[in-house]
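A.B. asks: Letter by letter, the chains look like this.
2 protein chains.
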Amino acid sequence: METTLLTNKENLIENNVSHELDSLFKPKAIAIIGASSKELSIGNVIIKNLVHYGFTGKIYPINPKEPEIRGIKAYPTIFDVPDDIDLAHVIIPSKFVPQIIEDCGKKGIKSVIINSAGFSEMGEEGMALQNAFLANAKKYGVRIFGPNCQGIINCDPEYNAYCDFTFTFPKPGSISIAALSGGVGAFIMQSLFDLNVGMRMYASNGNACDISLPEVVNYYGEDEGTKAIILYTEGFHNPKEFMDVAKIVSKKKPILAMKAGRTEEGAKAAASHTGSLAGVDIATELIFEKTGILSFNNEEEMCQAAMAFSTQPIPKGNRVGIITNTGGPAVIATDELVSAGMQIPALSERAKNILKETMLPEATIGNPIDVVATGGGKHFRSALDVLMEEETIDSIYINFVTAPFTDTDDVARNIVEVNQLKRKPIICNFMTNMSLERFQVTSKILQDGGVPCYGFPTTAAKALGVLYKYHVLQSRNIGEPTQFGDVNKVSTENILLNAKKENKEFLNSSQVYNILSNYKIPIADYRIVNNINDAISAAEAIGFPIVLKAESESLVHKSDAGGVVVNIKNAKELSESIEKMEKKFAVDDLQFLIQKFLPGGRELIAGVSIKKDLGHLILFGLGGIYVEVLKDVVFKIAQVTELEATEMLTSIKGFKLLDGIRGQDGVDKQSIVNIIQRISQLVTDFPEIQEMDLNPIIGFKDKVIAVDARIKI
Amino acid sequence: METTLLTNKENLIENNVSHELDSLFKPKAIAIIGASSKELSIGNVIIKNLVHYGFTGKIYPINPKEPEIRGIKAYPTIFDVPDDIDLAHVIIPSKFVPQIIEDCGKKGIKSVIINSAGFSEMGEEGMALQNAFLANAKKYGVRIFGPNCQGIINCDPEYNAYCDFTFTFPKPGSISIAALSGGVGAFIMQSLFDLNVGMRMYASNGNACDISLPEVVNYYGEDEGTKAIILYTEGFHNPKEFMDVAKIVSKKKPILAMKAGRTEEGAKAAASHTGSLAGVDIATELIFEKTGILSFNNEEEMCQAAMAFSTQPIPKGNRVGIITNTGGPAVIATDELVSAGMQIPALSERAKNILKETMLPEATIGNPIDVVATGGGKHFRSALDVLMEEETIDSIYINFVTAPFTDTDDVARNIVEVNQLKRKPIICNFMTNMSLERFQVTSKILQDGGVPCYGFPTTAAKALGVLYKYHVLQSRNIGEPTQFGDVNKVSTENILLNAKKENKEFLNSSQVYNILSNYKIPIADYRIVNNINDAISAAEAIGFPIVLKAESESLVHKSDAGGVVVNIKNAKELSESIEKMEKKFAVDDLQFLIQKFLPGGRELIAGVSIKKDLGHLILFGLGGIYVEVLKDVVFKIAQVTELEATEMLTSIKGFKLLDGIRGQDGVDKQSIVNIIQRISQLVTDFPEIQEMDLNPIIGFKDKVIAVDARIKI
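For the protein sequence lines, the chains are A and B, in the order given. Mapping of the first sequence onto numbering that gives the first Met the number 0: position 458 corresponds to residue 457, and the numbering continues sequentially without gaps. Mapping of the second sequence onto numbering that gives the first Met the number 0: position 254 corresponds to residue 253, and the numbering continues sequentially without gaps.
Keep in mind the hints are simulated off the structure, nothing from the lab. Keep in mind that this is a model prediction, so the values were computed, not measured. Cβ atoms here follow ideal geometry from the backbone N, Cα and C, with glycine treated the same way.
Some but not every residue of chain B turned toward chain A, in silico, with C-beta under 8 Å:
| hint | residue |
| --- | --- |
| 1 | 166 |
| 2 | 189 |
| 3 | 190 |
| 4 | 430 |
| 5 | 655 |
Take these sequences, add in the hints, and give me the full structure.
C.D. replies: Printed below as a string of structure tokens:
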């Protein structure tokens, strides 16, 4: 559905130049093509919003009949506008849009927001119109936002560019929002507004036919005024483009993201087959994971976390100091903080000695520090100062219940003073009765002082947990994929070329095993032979016991059909088995695979499946019933680095089995890490590989060896 | 720490008579002993609160010096009060409290709230004072609430009894709160107030030395005005008493509960040993599960769910109809509803035909029904009417974004009209800009009309999910424990008596196996013998192959010490093994256990551990590495019913293994269900059993047999 000006965008990302979008987000003169005097029409509301929000540039309503709209001089066409225009809204019937884009190009307009609908979302005819205006846009270098979209908002007071028909007017701040769904984008904006969190920029780009979500994210990434990015999507047009951008941006600032539509696809993920284990939803989570994005299933929690990011620094570790003036909520907060992977370390003797001097006698000196309900501003202040000095504390959580008998404003002022030093992040669970005016004052002191305030201990603790999670993501350097130099790419290419020539879907054993050998993926020693005598020689060369497998293009499920015999101990057993197979499978191309039998060891599985637009997913897990019953497998998007391959091992539930347990041997983990990386390199070198299974791989203490494999192209 | 008037309470619960607490919750005349003219002192604030909240009864400040307090005539002592008093607050130093309780008894006061601190929480001296006033209370039949507590509130306009020093004044409603921690209780009350949810009763009983949390819950259960109960606790003084009450009350109305302190104890649960697998936190969750309580880890979600219960009926099933006027939030809601186990079924042809007539042309006729942003009151109304008639719809979820170009009040009025019929529960995600007055009006229409409104789709969907979960809990009848009549209690009693006489901690094999036989728990055929000849005879009687185990009081870890030999196939092997053991274990009491060897089958584990104050926990799981690495076990509190035993089987992750997989046989599940129930009966009959392990139990297609067992008394 999407037609993109790829060349432009690729340059953009590569050169890290994004000023091209300045005409969209930082316009100096805006034409509203399709301006209307009709109240509540989009062509009227946008002008109203621009004026209401105090747009600092010029507004040119374009309307063939009206001399002025909302008191602003209107022009019949853009060519009648005497000045330069950098941005145009287009709100006219879709059939006129291609011509208007041509006009915009001629007028030198750099960006156009097409609010009108009636394009790719409306079938073939609409698609043709979309392609037509895109061709004109390309001709003149005009960038298109939309169509069928809300628009953008830039809250920077230098611009106050409210190029949107929504009806929330955010205060300027540091959170920027990108949303494909305008409905969700608008209510996220509203939610931040309700939380008194300032916004930086907003973009909801509908069909996203040219300027893409990744481009917007990239722009936000380079915008110094944006401290954190909120992203809402129901899918990715081009996951690879998104990943390229996201992995760069997420290192610079947190991206908080939510993808809806997770359950329908989650169902697909339940299927037990390797290929179908990886549903779309898994892929989204994998994209978020690989690129260091903070993933949410709950948009309320996402907005609450954004509030914390908007004012607080990122903690340097997981150690929290808790200050409370009430008992129970500190217990609740501790539960949640610990659940989020954080610690509540004991205080140093130095700290305790200071607190013994400064706290009320009934206070509890520890972590949490309970300043008690009668504690006032100076008690909170001392606790805050002490925690700021503690080397073993990375962030501060406060429970502040407004007891009527304390000077709550003084408490608030002290919290604010320490908060404004921004040495360590501070989160406040502020429990009060906002229907009382005196506590509204206290609340305002905290809010104006940039203290993120929540109404529940769990909610506040969760927000701090997200700050910490970003610290973890930022600290995680997955590195670059290892490029193994000892692989034989040429031979592999030839094998695949031959297979393609033969129109094969599945490679035969010889081809599969040769490819694995080419990529130094260990496979149990094998020979392919045509008769009993050769089989016996092969078995003797390999050494008994062996496994015998019947080989033929016509044999698909050879194990079910009796085409596999394991643990053959001598030549006699081998002869008998071959004779039986020859009788059973009366096919011309029957061959026999003689393979070393490897008893014992731990059954493992590795594999690859392909995900449209995303590329290969690499799978690793425990084999046998573990994969079938317990689904103890993990996926990552190729290419995987050594760190990622290692994470795959450690993130399966049965990880301890790899270390050995109950007197059983562990397995050679470094070899598994190598195999995973080599598989990743193989499918990256040969994207035509659609599916690949190493099932099982047998893990021993000192080696890991695949004993069966399958490749589909 | 707790001293309870158990006799009273037991009668109470048994006879379901709770009017004894009427003097506490429905007082007609209240004395404030320790009334004070000092502003912000508790003895002043309580009088202020009673007056402010419009207490309908009489208030008698008791103060030896003041003639009046806050304009109300005061009395030097309670004996000077001319009228009857049913409730007294006590706010005097702890040392005077025992005498005052005696006085209260003499005056005929039925309940006393002791706000004062300085009792059991302060060590021995305080404990002595507490025991002293409790003795006096018992003498006169005075019931004590507290000490060291906030008090109670009854918002019923017939009473308006604000017997508490908190500072939130709830509107009357149907949610009652019980909280051991006053801090958390107060902020939950405040949170409901902020959500505009009315409250019925409130109780925060501090040390809870007499009137217990379960008694309060029982009282709420019988109070017709209470529709739902919120419970906050950090632990249970007497879990059994709580369970007895909770399982009755939870059938009548939902109990929403949160227990803080879950993580510290969660750590204990991580230990891999059977006995230590069941930490305190597991126990709380088990209590909640067994008694049908809605458990929360997040107090904000608990309050939001309470809002739904306060006005909505319970859905009769899991099928949701969605009405939306915006796309994205319906996707988000669907995700959450499905995650909560609900379905979004297709609409009937009848419904679709009606909607085709009544909806705007651009509306989407389906489930969700998208009435689109321009949809007005009549469109919402038609959608609501249709869903109310749909037999396949049990509840209704609404996304209502207030588009400025629609008559949002009319939409709200239509939702309210349908809501007030209360035929099916309705939940509304109301997305608006509350800083605009017109939408405040819309919001008020919804609120006054009893429509639970949330600000986020996930939040609203979660609340509906909890309503549904209560339906599930209410529908779940665990039944009564099976009493197997074929057990031999007398023999078991004798075995245990002998073991006690011998001061044994662990029973010997003969004792263990005899007890299992007494309770018809199948154990692999065995004999205990003293020498090789008897061993061979025994083995021949049982049939080779057999297992040989050395038996001696001094042998604890016999398997590690080489005291177990499996798969002995003939008399020769047996003789050799016994000779080896005789050499290795040169102890006087050496005997030999000859047991049938059972190869193959699925390794299972069952066991019992004891939890202080709670009784026995029954464990079931997959044995071997499943229990050690994957912790695939489940616990229930004894006694378990047949349904619960069956649930134990189906709730392990590897449940499919019991059905058989990959050509392997399944196991005889009914036999496992029986074994679990028989273990439960055994430890219920003999509470002196501290620990018991059947490890492993081997499961076959047609039988399930324990092959090793251990009992600790």
